[in-house]
Amino acid sequence: MATKYDWPAAEDRSLIGKRHNRVDGPEKARGDAKYSYDRNLDGMLVARLVTSEVPHGRIIGIDTSAAEKVKGYKGHVNIQNVGDEIQWAGSEILAICADTEEHARDAAAAVNVHFETLPHWVKDEDVKKAGEANRVKPAKDDTKGPDLDEAWKSADATVEGYYGLGIITHCCLEPHGQVVDWTGDEITVYASTQAVARIPADLAKGLSRDESIGTVAAESVHVITPYMGGGFGSKFNIDTWGIACAKLSKKTGKPVKLMLDRDEELKVAGGRPSDYGNIKIGAKKDGTLVAYESETWSTGGIAGRGSPPVPYVYNNEERLAQKARHLNVSTNIGPARAWRAPNHPQAAVLTMCPMEDLAAELDMDPVEFFKKNADLTARPEVYRYEIDKCAEMIGWKDKWHKRGDSGDGPVKRGLGLSLHTWGGRPHDSTCEVRIQPDGGVSVNMASQDLGVGTYTTLSVIAAETFGLQIPDITVNIGSSRLPISGASGGSTTVGGTTASTRRAAVNALDELKSVVAESLGVEADDLAAKDGKIFAKSDTSKSLSWNDACKKLGNRTITGHGKQPDRNGGKLNDSGVGGVQMADVSVDVETGIVSINKIAAVQDVGLVICLEQCESQVYGSLIQGVAWALYEESIYDQTTGTMLNPDMEFYKLPGAADIGELEVHMVQGKYDDRGVIGIGEPPAISPGAAISNAVANAIGVRVPTLPLTPDRVLAALENA
Amino acid sequence: MSSNKPHDGPGEGPRYGPRKGFSRRTFIEGVGIGAGAVGALGAADQARAATNEVVGPDPVSITLSINGKTHKLDVEPRVTLIDALRNMLDHTGAKKVCDRATCGACTVIVDGSPVYSCTMLAIEAEGRRIETIEGISSDDAMHPVQVQFVEHDAQQCGFCTPGLVMAGKAIADRNPRPSMADVESGLCGNICRCGTYVGVRKAVYEAARESA
Amino acid sequence: MQNFEYIAPINTLSAAQALSPDAGVTAVLAGGTDLLSLLKQHVETPTRVVSLRNISALRGISKRGGGLRIGAMATVEDLLGSKAAAPYESLLQAARGITAPQVRAMGTVAGDLLQRPRCWYFRNGYGLLAKSEGKALVPSGENRYHAILGNKGPAYFVNASSLAPALISLGATVSVAGPEGEREMSVADLYRIPSSDAERENTLAPNEIVTEINVPSASGWSTATYEVRQRQLLDWPLATASVALRMRGGKVSDARVVLGHVAPIPWRSSEAETALKGKAANESSGVEAGKAAMAAATPLSQNKAKVQLATVAVKRAVGMAG
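Chains as they are written, first to last, in the working numbering: chain Z, 1 to 720; chain H, 1 to 212; chain G, 1 to 322.
Certain hints may be false.
[Claimed, not checked] Over 12 Å on every C-beta distance to chain G, these chain Z residues come out as not near it, computed from the model: (1) 63; (2) 109; (3) 262; (4) 363; (5) 395; (6) 648.
[Unchecked claim] Once the Cα atoms are required to be at most 25 Å apart in a straight line, the calculated DSS-like pairs of lysine-lysine come out as: (7) Z:18 to Z:412; (8) Z:123 to G:40; (9) Z:598 to H:202; (10) Z:371 to Z:397; (11) H:72 to Z:71; (12) G:304 to Z:123; (13) G:304 to Z:129; (14) Z:128 to Z:280; (15) Z:323 to Z:153; (16) Z:389 to Z:323; (17) Z:4 to Z:598; (18) Z:397 to Z:18; (19) Z:563 to Z:530; (20) G:304 to Z:128; (21) G:40 to Z:412; (22) H:69 to Z:34; (23) G:40 to Z:129; (24) G:135 to Z:412; (25) G:40 to Z:69; (26) Z:18 to H:202; (27) Z:542 to Z:552.
[As the list claims (entries may be wrong)] Covered by chain Z, per the in silico footprint, the following chain H stretches (three or more residues, Cβ under 8 Å): (28) 61-67; (29) 75-86; (30) 102-114; (31) 128-142; (32) 157-167; (33) 170-176.
Source of the hints: derived by calculation from the structure; they are not laboratory data. Ideal placement from N, C-alpha and C gives every residue a C-beta, glycine not left out.
Please construct the entire structure, taking both the sequences and the accompanying hints into account.
And the structure:
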């Protein structure tokens, strides 16, 4: 049933689905955008953390006497206390502040913490050894679908193999942290966060646990985050350092800045769990997949983690016999945080790589094999279409060859693919859209722009609704005192915020129309807003410019309210998408060095709002995928229990020369009726599996674990 | 926190001279320096060089030339240029990310070359021409590199952007027709985490031609 | 970073005096690209930093005699832009391996030679010999980037210099100034494998500075450097080979082969040199030379791949020079 809130029909969209410059682009390009790290408040103090050097132990003494004598020292607060058990190196013990950054570092260096050390374990890949260290617990043992024994009997070809990928860390360029200014009863927090609206309650709760502070009301906390420098799932909470920073501000009566150092950021503020597994997979001669069996294990720190959703995408429970066992490895490393599409990238590697190996075993072109089994997925038609489109983009027909490039010379070329899915259900959101008598329009909500384009998408929605242009709209987000909207995680933001904004804008426009209708002498229902005018559809000569229309408001400002979800608010969004990616790589078999020639990505997200920012999200996902497919991994030393590469030299990320050519196709028009669906997670899932499959195709053997470093590639070649 | 603030001229804020016992730390006094060196050194530097004085560890009064303006400030010798810019002069465009001469977020241009400001002591930047992101555009017009960054959506979270813009400007300043390989080389000292390189490469390639 | 006092003398003698042991723990600041990281990590904690920036005599690159004189404070950018350096192919190829424009602009040639090892145990505070509670961490630890030659202990790190293999293969020398004046030595003699905690990886006294690098004429030599690194740009090399070949009648009559990033010192391989003599210079003789160079390799638990990478580096460098 159509409602007035529905998205305009395709022919009526002048801005939705088109290319637009990012509205916050100039401010960022000028270096004027103020991030939390950039706040310099009058009289501000600088705080540093003191963290644990031991991976496991008990605090038996904290001596701050020397630190308190350091020049410029202003105060410290304990985060953990004598008697507390430390579970990972880098664990936060106290925060200390001083008048300058240099003095804060001096003071932090002068703190002495004494530990009673306890046995630690930081390794996860060798599950046998981890078991001997008593670090392994069963986490899952699920059997689904048709009888497994029968399925194996019916299989004409089976592949058994070992696959996996190590731990990576978020490495947000703006580290976690904040500036807190606690003045009187008002606590202002400039936080680098993905959850502006959630932080007040989080901080208030954390502070209220401290008896010396007493109950703090969430309403007294004001979070301000117009810009933030990367989160990727790691910045939802105030964290210990945020609470400590607030306490220091209260204690000293000054604003305090506490941003993590790079090594702290990598050790404790990020972390995507590993996954390793022995996978067995089987199919009939014609390529019909019949069974998938896995024993996987992984770590996400001391608490372990959930199990990956395997088999991934190809998981029809009526037709595919499946058994998944998972073991949890408990390690003394910084705890895992959500990373774009939690568990899915790992599941893609553990499914798409064995599938490609099975296609090779069957002597089938993987494109045909993946398409043939599309009925085992939740959206067969989407995937078949996307596989064909992506194959065309990468030149699969011309370039694909059977396993092992038979060409001369040390450089071998290969193609590989993977596919993925994600929900992206919109989060709850409330919005106020204001129309001023001077024609000004603002969109107001406590959301945040992580760099995905929220300023731009909301501008587009309001401008489209009012028949205005993007510069006519002011978007106010990044403050917790605005109407509440959800945290930005799980690809939920664009669906939630565009819906609440659309509804608020339509409601505001209705009010304006009723005012204009009177002055034009027409029915409000007869009015339309387009091209900077409000006019009668029945008689276009009855028309007012937007500004003249708004003047009719006199002194009144219209405030339109909108929310998500809204049962009567029309069909504006949905969840559940599919995507396909294909990689074209070269491998130097003498050095084991993999380079990217091209990656192609096809992605369905329902209705695209801002095409260019959508594409940017996919480009970014592919580049991050190149990073974890080829370069990045957190490396821990068992003897000392420390992370050896908490830096940006040996925690390797790709540069501009490492990414090859990237081509992105957003599916537009086909699924617009579903409404808006998030884009942050889906394209971040497949790159690793697609690249690994391309390498296998190039060199003729599987490199079992990611990242595909030269030593791993050479070892795979040698073992072949 | 007055010692942490720049002061505009004599009489404002504390001034730190050489430490007591200065004369014992003077190795060669009154030695002239060659004309070539004079040209390369600022006035304060010449004075310091001519006396070979030991300064610090207490704050030292220095003068920095940033975007054509001179700034006087008192810095401990260990203060890096990035920290002086961000913490003392509120020039927060350049970002501190790796703080180890790897990621390029702190890139500024010194005497025409891109440098990592996290890895240069502020005291060593005295007498040199420092350009920061704040100085390359006017209120009315952005630098072509900045314009093209917006045109090609060469940014997401934007935290790496100022460093990449400055690295891009350094490319454009030196080469009006860089190849894509030249662009990639010129940007290789900068790392973006969101993954904006597709737009960044195009932006710098186009901007160099435009600003030629 | 611990605070320090700072001095920027205008000549090498006063620099040497400023580095006097009486001044406490000192450090020399040239381009700063390595030193500042070491200071921030508290790997080095000098109470005095002596900057060489005001010593104009340390700058510049020029022809001298038939060879090349590189001032210690000449930057990598200076080297790459120098006409005088153009005949030294292998040196320029090595310099191009230092990819970041920011490092090229700041980092100096002498600083490249004297940068401290990138060993992650060292950089994380476990000392040059990477020990914890007296136990060597590298042999049973994370040693994928560590030494495959000269690694019998107690040192396992690899020399980090990009330029040293090329300079050694070109027969370069360094001038070193100290309080007693200048001395000259081969670039190879700058380095040693430390045998105890008391030793550094270079042979300079704390109050000595490198003033210039002298490279003899390369006339009659075919030279090349091949660097294996994982990322296209901006990455530490996994293995490097620099070769200098003198050819007579299409055959190698004299050869110098120096490997980088495989041992605690730049590793000159007489085995590879012998293998090349009397052969044509091409990839097949290069493979033999690479294998000869690696015959004595003793890889650790995780770095067997480096044997292959070093072999390939030699092969490709010989192929390029041939």
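Here is what the structure says about each hint:
no.: 1; hint: 63; result: holds, 19 Å
no.: 2; hint: 109; result: violated, 7 Å
no.: 3; hint: 262; result: violated, 10 Å
no.: 4; hint: 363; result: holds, 31 Å
no.: 5; hint: 395; result: holds, 22 Å
no.: 6; hint: 648; result: violated, 10 Å
no.: 7; hint: Z:18 to Z:412; result: violated, 39 Å
no.: 8; hint: Z:123 to G:40; result: violated, 29 Å
no.: 9; hint: Z:598 to H:202; result: holds, 16 Å
no.: 10; hint: Z:371 to Z:397; result: holds, 15 Å
no.: 11; hint: H:72 to Z:71; result: holds, 23 Å
no.: 12; hint: G:304 to Z:123; result: holds, 21 Å
no.: 13; hint: G:304 to Z:129; result: holds, 22 Å
no.: 14; hint: Z:128 to Z:280; result: holds, 19 Å
no.: 15; hint: Z:323 to Z:153; result: holds, 15 Å
no.: 16; hint: Z:389 to Z:323; result: violated, 32 Å
no.: 17; hint: Z:4 to Z:598; result: violated, 44 Å
no.: 18; hint: Z:397 to Z:18; result: violated, 31 Å
no.: 19; hint: Z:563 to Z:530; result: holds, 24 Å
no.: 20; hint: G:304 to Z:128; result: holds, 23 Å
no.: 21; hint: G:40 to Z:412; result: violated, 43 Å
no.: 22; hint: H:69 to Z:34; result: holds, 22 Å
no.: 23; hint: G:40 to Z:129; result: violated, 36 Å
no.: 24; hint: G:135 to Z:412; result: violated, 43 Å
no.: 25; hint: G:40 to Z:69; result: holds, 21 Å
no.: 26; hint: Z:18 to H:202; result: holds, 20 Å
no.: 27; hint: Z:542 to Z:552; result: holds, 15 Å
no.: 28; hint: 61-67; result: violated (count 0)
no.: 29; hint: 75-86; result: holds (count 5)
no.: 30; hint: 102-114; result: holds (count 3)
no.: 31; hint: 128-142; result: holds (count 5)
no.: 32; hint: 157-167; result: holds (count 7)
no.: 33; hint: 170-176; result: violated (count 0)
Consistency with the previously given hints fails for numbers 2, 3, 6, 7, 8, 16, 17, 18, 21, 23, 24, 28 and 33, ordered from lowest to highest.
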